[in-house]
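There are 2 protein chains.
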Amino acid sequence: MSPTDLVKARLLKGMQDGLPELTLARRVMLRRVEEVCRRFGFLPFDTPALELRDALLGPQPSGEQIRNIFTFSNQDEEEVGLRFDLTVPLARVVCTYLQGEIPRPLRRYAYGPVWRYDKPEPGRFREFLQFDIDSVGTPELTADAEIIAVIDAILSELAVGGYVIRVSNRKLLNAVGEYCGADAQQARSIYRVIDKLDKYPRERIRQELGGGLKDESGAFVEGLGLSVDQIARVDAFLDLPNEGNNAESLSAARALLAENALAMEALDEIEQMLAWLKDYGVPGPRSQGRVNFDLHLARGLGYYSGPVFEVVLTELPSYGSIFGGGRYDNLVERFMGEGQGIPAVGASVGVDRLLAALKQLGKLDLLLGEETAGPQVLVTVMDRERLGDYIAMTRELREAGIRAEMWQGGKANMQKQMKYADKLGCALAIIAGSDEFERGEVSVKDLQAGKELAAEAATREEWTSKEKRPQTVVKRDELAAGIKALLHVDPV
Amino acid sequence: MSPTDLVKARLLKGMQDGLPELTLARRVMLRRVEEVCRRFGFLPFDTPALELRDALLGPQPSGEQIRNIFTFSNQDEEEVGLRFDLTVPLARVVCTYLQGEIPRPLRRYAYGPVWRYDKPEPGRFREFLQFDIDSVGTPELTADAEIIAVIDAILSELAVGGYVIRVSNRKLLNAVGEYCGADAQQARSIYRVIDKLDKYPRERIRQELGGGLKDESGAFVEGLGLSVDQIARVDAFLDLPNEGNNAESLSAARALLAENALAMEALDEIEQMLAWLKDYGVPGPRSQGRVNFDLHLARGLGYYSGPVFEVVLTELPSYGSIFGGGRYDNLVERFMGEGQGIPAVGASVGVDRLLAALKQLGKLDLLLGEETAGPQVLVTVMDRERLGDYIAMTRELREAGIRAEMWQGGKANMQKQMKYADKLGCALAIIAGSDEFERGEVSVKDLQAGKELAAEAATREEWTSKEKRPQTVVKRDELAAGIKALLHVDPV
Numbered sequence: 273m274s275p276t277d278l279v280k281a282r283l284l285k286g287m288q289d290g291l292p293e294l295t296l297a298r299r300v301m302l303r304r305v306e307e308v309c310r311r312f313g314f315l316p317f318d319t320p321a322l323e324l325r326d327a328l329l330g331p332q333p334s335g336e337q338i339r340n341i342f343t344f345s346n347q348d349e350e351e352v353g354l355r356f357d358l359t360v361p362l363a364r365v366v367c368t369y370l371q372g373e374i375p376r377p378l379r380r381y382a383y384g385p386v387w388r389y390d391k392p393e394p395g396r397f398r399e400f401l402q403f404d405i406d407s408v409g410t411p412e413l414t415a416d417a418e419i420i421a422v423i424d425a426i427l428s429e430l431a432v433g434g435y436v437i438r439v440s441n442r443k444l445l446n447a448v449g450e451y452c453g454a455d456a457q458q459a460r461s462i463y464r465v466i467d468k469l470d471k472y473p474r475e476r477i478r479q480e481l482g483g484g485l486k487d488e489s490g491a492f493v494e495g496l497g498l499s500v501d502q503i504a505r506v507d508a509f510l511d512l513p514n515e516g517n518n519a520e521s522l523s524a525a526r527a528l529l530a531e532n533a534l535a536m537e538a539l540d541e542i543e544q545m546l547a548w549l550k551d552y553g554v555p556g557p558r559s560q561g562r563v564n565f566d567l568h569l570a571r572g573l574g575y576y577s578g579p580v581f582e583v584v585l586t587e588l589p590s591y592g593s594i595f596g597g598g599r600y601d602n603l604v605e606r607f608m609g610e611g612q613g614i615p616a617v618g619a620s621v622g623v624d625r626l627l628a629a630l631k632q633l634g635k636l637d638l639l640l641g642e643e644t645a646g647p648q649v650l651v652t653v654m655d656r657e658r659l660g661d662y663i664a665m666t667r668e669l670r671e672a673g674i675r676a677e678m679w680q681g682g683k684a685n686m687q688k689q690m691k692y693a694d695k696l697g698c699a700l701a702i703i704a705g706s707d708e709f710e711r712g713e714v715s716v717k718d719l720q721a722g723k724e725l726a727a728e729a730a731t732r733e734e735w736t737s738k739e740k741r742p743q744t745v746v747k748r749d750e751l752a753a754g755i756k757a758l759l760h761v762d763p764v
Numbered sequence: 273m274s275p276t277d278l279v280k281a282r283l284l285k286g287m288q289d290g291l292p293e294l295t296l297a298r299r300v301m302l303r304r305v306e307e308v309c310r311r312f313g314f315l316p317f318d319t320p321a322l323e324l325r326d327a328l329l330g331p332q333p334s335g336e337q338i339r340n341i342f343t344f345s346n347q348d349e350e351e352v353g354l355r356f357d358l359t360v361p362l363a364r365v366v367c368t369y370l371q372g373e374i375p376r377p378l379r380r381y382a383y384g385p386v387w388r389y390d391k392p393e394p395g396r397f398r399e400f401l402q403f404d405i406d407s408v409g410t411p412e413l414t415a416d417a418e419i420i421a422v423i424d425a426i427l428s429e430l431a432v433g434g435y436v437i438r439v440s441n442r443k444l445l446n447a448v449g450e451y452c453g454a455d456a457q458q459a460r461s462i463y464r465v466i467d468k469l470d471k472y473p474r475e476r477i478r479q480e481l482g483g484g485l486k487d488e489s490g491a492f493v494e495g496l497g498l499s500v501d502q503i504a505r506v507d508a509f510l511d512l513p514n515e516g517n518n519a520e521s522l523s524a525a526r527a528l529l530a531e532n533a534l535a536m537e538a539l540d541e542i543e544q545m546l547a548w549l550k551d552y553g554v555p556g557p558r559s560q561g562r563v564n565f566d567l568h569l570a571r572g573l574g575y576y577s578g579p580v581f582e583v584v585l586t587e588l589p590s591y592g593s594i595f596g597g598g599r600y601d602n603l604v605e606r607f608m609g610e611g612q613g614i615p616a617v618g619a620s621v622g623v624d625r626l627l628a629a630l631k632q633l634g635k636l637d638l639l640l641g642e643e644t645a646g647p648q649v650l651v652t653v654m655d656r657e658r659l660g661d662y663i664a665m666t667r668e669l670r671e672a673g674i675r676a677e678m679w680q681g682g683k684a685n686m687q688k689q690m691k692y693a694d695k696l697g698c699a700l701a702i703i704a705g706s707d708e709f710e711r712g713e714v715s716v717k718d719l720q721a722g723k724e725l726a727a728e729a730a731t732r733e734e735w736t737s738k739e740k741r742p743q744t745v746v747k748r749d750e751l752a753a754g755i756k757a758l759l760h761v762d763p764v
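Residue numbers (the working numbering), protein chains in the order written: chain Z, 273 to 764; chain S, 273 to 764.
For the record, the hints were derived by calculation from the structure and aren't laboratory data. Predicted model only: the values in this text are computed from it and were never measured. There's no promise every hint is true.
You can't tell identical chains apart in this list, so a pair holds if it fits in one copy or across any two.
Unchecked claim - List time: in silico DSSO-like cross-link candidates among lysine-lysine, alpha-carbon distance up to 30 Å:
1. Lys-550 / Lys-688
2. Lys-756 / Lys-550
3. Lys-550 / Lys-747
4. Lys-280 / Lys-723
5. Lys-285 / Lys-747
6. Lys-550 / Lys-471
7. Lys-285 / Lys-471
8. Lys-280 / Lys-471
9. Lys-550 / Lys-683
10. Lys-756 / Lys-635
11. Lys-486 / Lys-631
12. Lys-550 / Lys-635
13. Lys-683 / Lys-631
Just need the whole structure built from these sequences, with the hints factored in.
This is how it looks when you write it as structure tokens:
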């Protein structure tokens with residue numbers, strides 16, 4: 273093998289290795305979310321990573337759509353691709369098993385990696401973990417309310433702190449468009465401008481709806497070209513009370529849009545959904561403020577057709593929505609034909625994104641509790657003639673349910689083994705040399721307390737003098753019980 | 273959308289959908305295996321599905337190697353591929369984080385799908401779930417013994433019934449080759465013939481080692497072309513006592529191969545490993561027969577360099593090995609250069625394959641216990657004006673930890689709702705109409721008992737008359753407690 277034959281051991285661009293801390297956090301979050309979904313009676317349902325490209329993108333995808341996913345020809349000369357979400361595979365599954373192999377309605381959850389050929393950015397990867405919950409084959413609004421209820425239960429379970437679930441209805445967006453004399457396409461553009469209300473004063477919003485404006489940098493921002501009358505109507509809509517009192521927002525919207533049948537339908541659906549949410553135990557803004565009717569909510573995806581919702585963390589509003597979803601009644605048309613839709617509603621959460629948010633909030637420890645990625649105890653090796661004894665100790669600890677490991681890195685002094693134990697995040701290290709064996713004991717170093725002492729030390733000298741990590745002794749024939757007691761005692 | 277634009281909703285060839293029963297079984301198995309790995313102190317460590325093709329296959333892969341995996345050029349004009357196992361990504365990871373970002377030794381477990389472009393066969397898929405456990409950076413044989421110990425703990429945990437862990441050492445294979453005057457390549461061929469001992473009489477084995485033979489169909493089976501003296505030496509090796517008494521096999525092999533230094537090294541390692549396995553609590557064949565030194569064991573993969581092992585189920589010997597592994601000290605050479613190996617030992621289990629074996633043995637229920645994929649209770653909808661009440665019931669059940677669902681499939685009679693509950697595997701269905709609401713009660717159908725009655729009925733007529741599923745009544749204001757009691761009572 274010549275040196276030029278060497279392969280560089282590098283991660284692909286946009287990919288992320290699941291180092292132990294991250295992988296553990298993912299597992300804990302997935303397990304918690306899964307438990308809630310199961311309590312709600314949703315079925316686990318996995319699909320493969322690869323699908324036909326047509327199934328993923330439809331029969332006539334645009335070049336841009338194709339460039340945004342991982343797609344290739346396989347050896348059977350089929351165009352295939354890695355799934356970019358879990359919703360399209362669900363639509364495929366529902367149509368694959370139309371003959372009754374699966375229950376209908378199908379209420380399922382799924383999680384797994386999805387792949388997108390995005391431009392990698394910090395915190396944004398080309399492979400990322402997604403968790404989806406959907407009800408397919410149910411036209412009932414109770415199902416929409418239930419998806420919001422399961423999101424609410426998940427966020428309570430994950431102890432993310434305060435959050436607001438914003439709800440609205442895609443029909444309202446279209447109705448507002450109609451009210452302003454705009455078509456569906458324009459209505460979406462209007463909402464895109466409305467979405468900037470957090471950032472800009474109303475005057476700038478009006479300019480963007482109309483003829484455009486020069487921004488701070490002097491660049492021209494094109495406007496939507498709405499007429500003065502149209503802008504006045506948007507203005508009237510924006511004057512409605514929003515996100516504070518659902519009943520008030522509803523009745524004000526009813527008054528303004530009274531002439532518009534679609535608006536009445538949308539508002540009826542919102543009102544009904546809010547009522548059912550109370551039955552589901554998810555309170556509106558008057559009590560704890562978890563569900564807010566947000567007149568300005570649009571949600572990006574084109575395929576939503578009814579209720580839409582998203583969640584923002586109260587303590588991290590700038591992070592954007594961490595959970596989102598809505599009703600999509602037309603997704604299976606790709607397989608079934610136009611007008612052959614199957615009603616469906618669902619929500620997605622980006623697991624890694626939510627973990628990053630919890631990390632930013634300092635709440636990751638709350639999620640993990642006592643769980644660390646590595647062993648709690650390292651059994652060090654002082655005397656290589658005694659390996660069998662160290663193995664037996666390690667085994668006893670494991671049999672008692674303690675996560676334990678024996679040093680196996682070859683001949684190494686105690687300092688090296690301690691460094692390794694620290695790196696693994698062990699709470700305790702067991703040391704047994706000939707003295708201990710003679711006395712029928714083991715010595716136990718408290719690594720956590722050692723670290724705290726080192727942290728408290730003001731200078732390097734002081735640290736060195738304090739480095740004597742607290743050490744105690746446990747009887748060899750009461751090893752597991754002794755270690756268990758030490759693990760539960762506050763080490764300080 | 274014209275009908276020709278429709279996309280066929282089909283699964284890709286060789287892929288498998290994870291229908292709820294399968295997905296649940298996978299999750300339960302993964303969780304149990306993971307718990308054992310964590311008790312042993314192994315770290316969770318995920319890697320992405322995609323890697324550089326060179327990392328997967330080395331710098332100069334053969335056409336066949338390339339055809340056996342899913343590989344393509346991405347938009348960055350890199351050759352990439354989907355991982356075909358979890359060992360190569362581990363080797364890549366170890367070399368990516370050489371600067372100390374990860375502990376050394378690295379003891380890690382990982383699971384996830386792997387992809388191979390195999391010819392699909394029943395039970396053999398192009399995407400399948402694998403679980404790997406490895407210790408990297410440890411030259412110690414204790415690590416090999418520990419990998420076997422964790423396999424043993426996993427199989428005990430999964431209640432697979434009886435099993436035998438066959439162990440040997442790749443050095444023994446080479447030593448037997450030397451003893452017979454064969455090179456490493458020939459030694460492997462000899463083992464390939466030896467492997468047929470289960471199927472054929474010794475005479476046929478001798479012929480295959482020598483000049484070949486005509487088989488029953490009259491076709492010529494080419495022989496290895498060994499000399500009479502060489503065949504006699506293989507014969508002497510095959511006469512050694514095997515798989516019954518480890519000590520006896522060891523001492524007989526020592527006597528026969530006494531002149532061969534490599535054989536002595538191999539036998540020393542095996543003996544030491546067996547001794548440590550006793551310390552790990554994994555007994556040899558004299559006691560419960562879990563670990564057997566098998567002189568004839570080869571294991572396929574070319575990269576093994578020391579101890580090798582595999583597991584067969586006692587009740588399903590024909591199924592082949594369900595767990596396998598060994599020491600591979602040279603795998604990172606692709607990234608590091610020749611002679612720059614990092615010592616490593618590991619094992620893999622095919623999760624779906626093991627599940628299929630358990631299913632065949634009727635032991636899947638043992639693994640799943642009380643867990644079913646779907647809800648335990650369906651709250652039926654009799655009166656659509658009362659949806660809020662049904663939602664509240666469902667919510668109360670969930671809050672009590674009962675997996676519950678409310679019917680949401682639109683207007684439907686009771687029969688349709690019951691059929692749905694049966695399909696989901698619900699144990700109970702709750703029925704509440706105006707009568708029940710008035711009396712402050714709910715009716716509860718026992719679906720399991722109903723199914724048993726139907727199964728007992730000899731004729732269709734008898735079944736129809738028996739179809740009255742057992743029904744009981746629970747007070748509305750003691751709903752959760754009442755249902756809990758019913759779920760724990762034997763329904764017969």
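*Up to 30 Å CA-CA - Lys-635 versus Lys-756, copy category*: within (27 Å within a copy, 34 Å between copies)
*Can you tell me if Lys-550 and Lys-688 fall within 30 Å by alpha carbon in one copy, between copies, both or neither?*
between (58 Å within a copy, 28 Å between copies)
*asked:* For Lys-550 and Lys-635, with the copy left unspecified, which applies at a CA distance of at most 30 Å: within, between, both, or neither?
replied: within (28 Å within a copy, 44 Å between copies)
_Within, between, both or neither, where Lys-550 and Lys-747 count as close if Cα-Cα is 30 Å or less_ = between (58 Å within a copy, 23 Å between copies)
_Same-copy or cross-copy closeness of Lys-280 to Lys-723 [CA-CA at most 30 Å]_ = Neither. Shortest intra-copy (37 Å) and inter-copy (61 Å) distances fail the 30 Å Cα cut-off.
*Intra/inter-copy verdict for Lys-280 and Lys-471 if alpha-carbon distance must be at most 30 Å*: Result: close neither inside a copy nor across copies, 45 Å intra and 45 Å inter.
*State whether the alpha carbon distance between Lys-285 and Lys-471 is at most 30 Å within one copy, between copies, both, or neither.*
neither (33 Å within a copy, 50 Å between copies)
*asked:* If the cut is 30 Å between Cα atoms, do Lys-550 and Lys-683 qualify within a copy, between copies, both or neither?
replied: This pair counts as between: shortest inter-copy Cα distance 23 Å, intra-copy 64 Å.
*asked:* Checking an output row: Lys-550 and Lys-471, CA cutoff 30 Å. Within, between, both or neither?
replied: For Lys-550 and Lys-471, neither the intra-copy (32 Å) nor the inter-copy (69 Å) Cα distance is at most 30 Å.
*Is it within, between, both, or neither for Lys-683 and Lys-631, if the alpha carbons may be no more than 30 Å apart?*
neither (38 Å within a copy, 45 Å between copies)
*Copy assignment of Lys-756 with Lys-550, given that the CA separation must stay at most 30 Å*: between (45 Å within a copy, 24 Å between copies)
*Have a look at Lys-486 and Lys-631 and pick one of within, between, both or neither, based on CA distance no larger than 30 Å.*
neither (39 Å within a copy, 69 Å between copies)
Checked against the numbered hints listed earlier, the structure breaks hints 4, 5, 6, 7, 8, 11, 13; every other hint is satisfied.
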